[in-house]
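Novice: Here is how the chains run, residue by residue.
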Amino acid sequence: MESLATAEKRAARAQPANRHGGETIAYDLATGTVRELNRMLHGDLLGQGVRRVVIENPDGAHNIAVGLDAPLQIDINGHAGYFTAGQNMQAHVTVHGNAGRSLAENIMSGRVRVKGYASESVAASGHGGLVVVEGDAGSRCGISMKGVDIVVGGSVGHMSAFMAQAGRLVVCGDAGHGLGDSLYEAVIYVRGRIEGFGADAREEPMAEADYASVAELLARAGFNHNPRDFKRVASARTLYHWNPDANQEY
Amino acid sequence: MCGLVGLLAKTPAISEQLGALMRPMLEGMTQRGPDSAGFAIFNQSPDSKAWRINVLAPAADYDWALVSSTLAAKRLGGKVGLHADGRHAIIELSGDPAPVLVCLQEEFPALDVLSTGHAMDIYKDVGLPREVAERYRLDERTGTHAIGHTRMATESEITPRHAHPFVAGPDFCIVHNGSLSNPYSVRKRVERRGIHFDSNNDTESAARFIQWRLAKGDDLGIAINHGLRELDGFYTLLMGDGKSMALVRDPFACKPAVVAETDDYVAIASEFRSLKHLPHINEASIYEPKPERVYVWKV
Amino acid sequence: MNHPVPVFPEAESFPEDFSLESNYTFNHDTLRYIQLAARRGVYDIRGMGAKRKLPTFDDLTFLTASASRYPLEGYREKCTTRTVLGTRFASRPIELAMPITFAGMSFGALSANIKEALGRAATMLGTTTTTGDGGMTPEERESSRTLVYQVLPSRYGFNPNDLRKADAIEVVLGQGAKPGGGGMLLGQKITERVAKMRTLPVGVDQRSACRHPDWTGADDLALKIEELREITEWRVPIYVKIGATRVKNDVMLAVKAGADVVVLDGMQGGTAATQQVFIEHTGIPTIAAVRQAREALEEMDMVGVVQLIVSGGIRSGADVAKAIALGANAVSIGMGALVALGCNSSFYVQGTQRISAQADYRQLGTAPGSCHHCHTGRCPVGITTQDPVLQERVRPEDGARHLKSYFQTMNMELTTLARACGKSDVHHLEPEDLVGLTIEAAAMAGVPLAGTDWIPGVVAR
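Protein chains in written order, with the working numbering: chain A, 1 to 250; chain B, 251 to 549; chain C, 550 to 1010.
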């Protein structure tokens, strides 16, 4: 890992950001650093009239656009590494490629979209906002979620929505085993096959409010599916209090 | 805690650049593994009966001539050629390697025998990936396929012997990212079947377990499936034998792996940033292997 | 001839004498445990740390000045306690006036008044306090001059705005009471406010994760630490907290992953609610852990680069001094602070009045001095509770005053011992200033058995 001093020196050698006419600026990670990029993104770009930042050559770098707190539009042109858009507030971030693990972890608000696939732990512990993965998401999608909405165009891996406390997860494809293990009050909607339920998760009948939820989220994600094709998975709430008769394998 | 990389060439052009393409892959995993590094290069030998023994000496000024002359004097190994490069040497034999290995153990105990096989060469040492790559000229190597590893030591010591890849039988080696939770009991079982261990590294438990299954007649896929049942903990395992490269992830699948396939190569790494420089990577099919499934790519 | 059969005519009258034999294996605690398990079918949950007899700092003693070493004059010759933490990467390290800090304890486990008392005391003392599982409360941020923000596996109440307000960040892998286990808070303490902060339904028994949701393993941790640094512009120190188990490996991994400070919590570390099986049967005693941590840092040549904070049964100035001598840069106090606030006291104070809490202890089925019922939320002295009535039994100003006095006492004891060892800086205390009073303590701490040159387990020195 680079020390701050080395990162500073490298930043000084890097090309300055290109201005494409005020509102949009570009940043090339091939010649710049993630540190300099993030420092710039944490600054007062809106005050300088910038609305959109385009990031070139991300090449799987980690921690791109973490800790944002402004309604900027961020386009990452390529594949991004771990923790992309971590702890996002207000910003709209799009990854035009794949994303590594823990995309948008602890997102508070704003939108994060991935065009390709996203690796494990999408939106881990997210509190708000919307995360959309157009391809597949890896295992533990929505783990520990606390209010974020997640829509996955493809399938999700095993243990998705593990200990999910609040928020909604919509899966247009299939779900791997252990879905919704130890679920609290978050709700999962699945269109495809569910390989297996986790402890305390069960399928429940869809109500009109559920169809409306799914319709709204699909529309915001831009996916064209029929809400009537979705199943509802929620907590049976049998683990809410210590229970000696519960299956001890879990 | 580590990084792993693998590259299998589907065309002669990639074969020629195997090492040159591997080097940035290995160095890309430095943050995951700063303690030691290693790689295995596989080549189809024109004479499949010829043996190669890879050895590592404690220092670059090792008396390699003495090794050659001793083997010659004792008439061991048939036609013997010794190619030394600093601390590393490859002893080529036309005959039986067993007596040669005994001789090395008895007369040259300071030498670490890294591998014995027909198609595989092993280079591993302590130091940053960049240092190891330079020291053993990774970018000059050519071959059909290669696997590599960068190590962040979790439990055992940092020595060349504890670095990956771990060799388990002729032309078979393994690299591992993760942490096994029952390595000692696996080790004891395998040791009781007469298989010798070189280190107390948890990866060696996995390597020797598969070696044991292969020796019992399992093919690689079946051996790995046995491993999935017996080995507990978190692991992504990448293996190479003379004709193939294989990968498996444990059921929890917390340790990462990314695969990129084109018409020219199959590349694997713990993180995408080790693949970004590969030719036509933007057109590659990129995916993450599913847990508990054995992936095998043949040369 | 018939021999008379021997008869013991008084056999009927003294069988109860034999029933008073004690049983080491099936002792009274064990009998109670099995009987409860048989009746309830669930494990025992309680507060506090390991209660059983373990080697502690009491089993070590200082070799203070004599003919061969000269002491410093107390009160006249300076012995400094200033401590700096987080010099490795952060642009703003933490400066403490004394090497004694407050351990991370959650709002939820503790009341808001107590969190405020801790903050106020820390500010008055020039030291730090730490948030816990559940997030940062406005009271503790406002009252604490220097606040450490925990990042836990559960991420309850975690907020990037709070992260940015923190003076240091502590990534928690585990704690001494339950290394490998997650947090726990029972329904009676999950009030509206707590529930809202933790995004949980009111009244549930909270289950907590034991692994972080977004990373697994030290290789991933290196990237997670980088993420936290990126979000806070590399300004503040990052601590990594571990429960003491495989200490050497863990400290090395924490350093490799990029920690500025390692926080090490030994077996005697406390908790507000954990399964008994964890508390008593996991982790190693603090005196063994400190030594292993120091050896790990020495082997990596990181002494002075990465700092070490030690906790788990630190009770007195003597404990502080011994922990520092064995290699800690600072200590963290949890349980002791709660005792200073009134934990296990038979009374609480309202204004100038002392009010007995005996009846409340009895209602819990315990007595002052034996209470470990933090998990119930019915703390008789108003500390580990969310109950609005019980909370008022400690006022933040009073609590802060008591904490300040306790810490100042310990700091004075620390400098007294350091001066007696001839040190002008408490950080100059070294392992060679100590010897062990028992073989176990000597072996664990890596110091000679008193009166001998023998360090058990070390063959040659």
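Hints should not be assumed to be uniformly reliable.
Quick list of simulated restraints, FRET-style, between CB atoms [to be verified]: (1) C:Tyr624 to A:Trp242: 35 to 45 Å; (2) C:Thr579 to A:Arg228: 39 to 49 Å; (3) B:Asn532 to A:Gln73: 16 to 26 Å; (4) B:Glu441 to C:Ser571: 49 to 59 Å; (5) C:Trp1003 to B:Glu441: 50 to 60 Å; (6) B:Asp468 to A:Thr238: 56 to 66 Å; (7) A:Thr238 to C:Arg631: 33 to 43 Å; (8) A:Trp242 to C:Thr915: 18 to 28 Å; (9) A:Glu204 to C:Thr915: 38 to 48 Å; (10) C:Lys602 to A:Arg39: 45 to 55 Å; (11) B:Gly336 to C:Lys602: 36 to 46 Å.
Since the hints were made in silico from the structure, they are not lab data. Since we're looking at a predicted model, the values are computed, not measured. Note that the Cβ used here is the ideal one computed from N, Cα and C, for glycine as well.
Novice: Hint by hint, say whether it matches the structure.
Specialist: The hints, checked one at a time:
| no. | hint | result |
| --- | --- | --- |
| 1 | C:Tyr624 to A:Trp242: 35 to 45 Å | violated (55 Å) |
| 2 | C:Thr579 to A:Arg228: 39 to 49 Å | violated (59 Å) |
| 3 | B:Asn532 to A:Gln73: 16 to 26 Å | holds (23 Å) |
| 4 | B:Glu441 to C:Ser571: 49 to 59 Å | violated (44 Å) |
| 5 | C:Trp1003 to B:Glu441: 50 to 60 Å | violated (35 Å) |
| 6 | B:Asp468 to A:Thr238: 56 to 66 Å | violated (43 Å) |
| 7 | A:Thr238 to C:Arg631: 33 to 43 Å | violated (54 Å) |
| 8 | A:Trp242 to C:Thr915: 18 to 28 Å | holds (20 Å) |
| 9 | A:Glu204 to C:Thr915: 38 to 48 Å | holds (43 Å) |
| 10 | C:Lys602 to A:Arg39: 45 to 55 Å | holds (54 Å) |
| 11 | B:Gly336 to C:Lys602: 36 to 46 Å | violated (57 Å) |
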